[in-house]
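A.B. asks: Sequence:
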Amino acid sequence: MKKIKIIQKKPNKYQVVLQKISSIESEMKRINYWSHTPPDLLADVKSGKIKSYLDAPSFELWLQCIFIPNVIDRAQEQDFPDVSHVGFMALRYYNNESIIEDAQPLLKMLLEFDRIIEEKLF
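Going by full-length UniProt numbering, the sequence shown opens with residue 1, and the numbers climb by one from there.
Check each hint, because a few of them may be wrong.
When the alpha-carbon atoms are kept at most 30 Å apart in a straight line, the in silico DSS-like pairs for lysine-lysine are as follows [what the hints assert, rightly or not]:
(1) K49 <-> K29
(2) K108 <-> K13
(3) K120 <-> K49
Taking CB as the label site, the calculated pair distances span [claimed, not checked]:
(4) N95 <-> D73: 25 to 31 Å
(5) E77 <-> N32: 17 to 23 Å
(6) Q78 <-> K49: 26 to 32 Å
(7) P57 <-> N95: 28 to 34 Å
Keep in mind that the hints were calculated from the coordinates and are not lab data.
Just so you know, these numbers come straight off a predicted model, no measurement behind them.
Note that CB positions come from ideal geometry on N, CA and C, so glycine has one too.
Go ahead and model the full structure; you've got the sequences and the hints to work with.
C.D. replies: Here it is, written out as structure tokens:
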């Protein structure tokens, strides 16, 4: 009997990023940071009203309405920047004055996202 060697392909960076984004979305829903009726923040970005996450109504809405859709678009185009700072932004947001326990798993995922983009975890 001939043995069959199974070769497992390593997922590409874009697949890994999309999996991480899916995990981030799931975690946001689990901890009730996901809005069921979010505003159209992408329109505000296009009009110049929102230039960074600091201009958004909340960091969570920025993640949901701007960051996640943009990452999905960039993954489909297979075009990522060399660096990401979303984990650092989350660290500043969630740990600025006090530690928000519910957000710690989300914070960890966002820091992992940065490392994937920078190819330190991929």
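A.B. asks: Just pull the numbers of the violated hints for me, sorted ascending.
C.D. replies: 3, 5, 7
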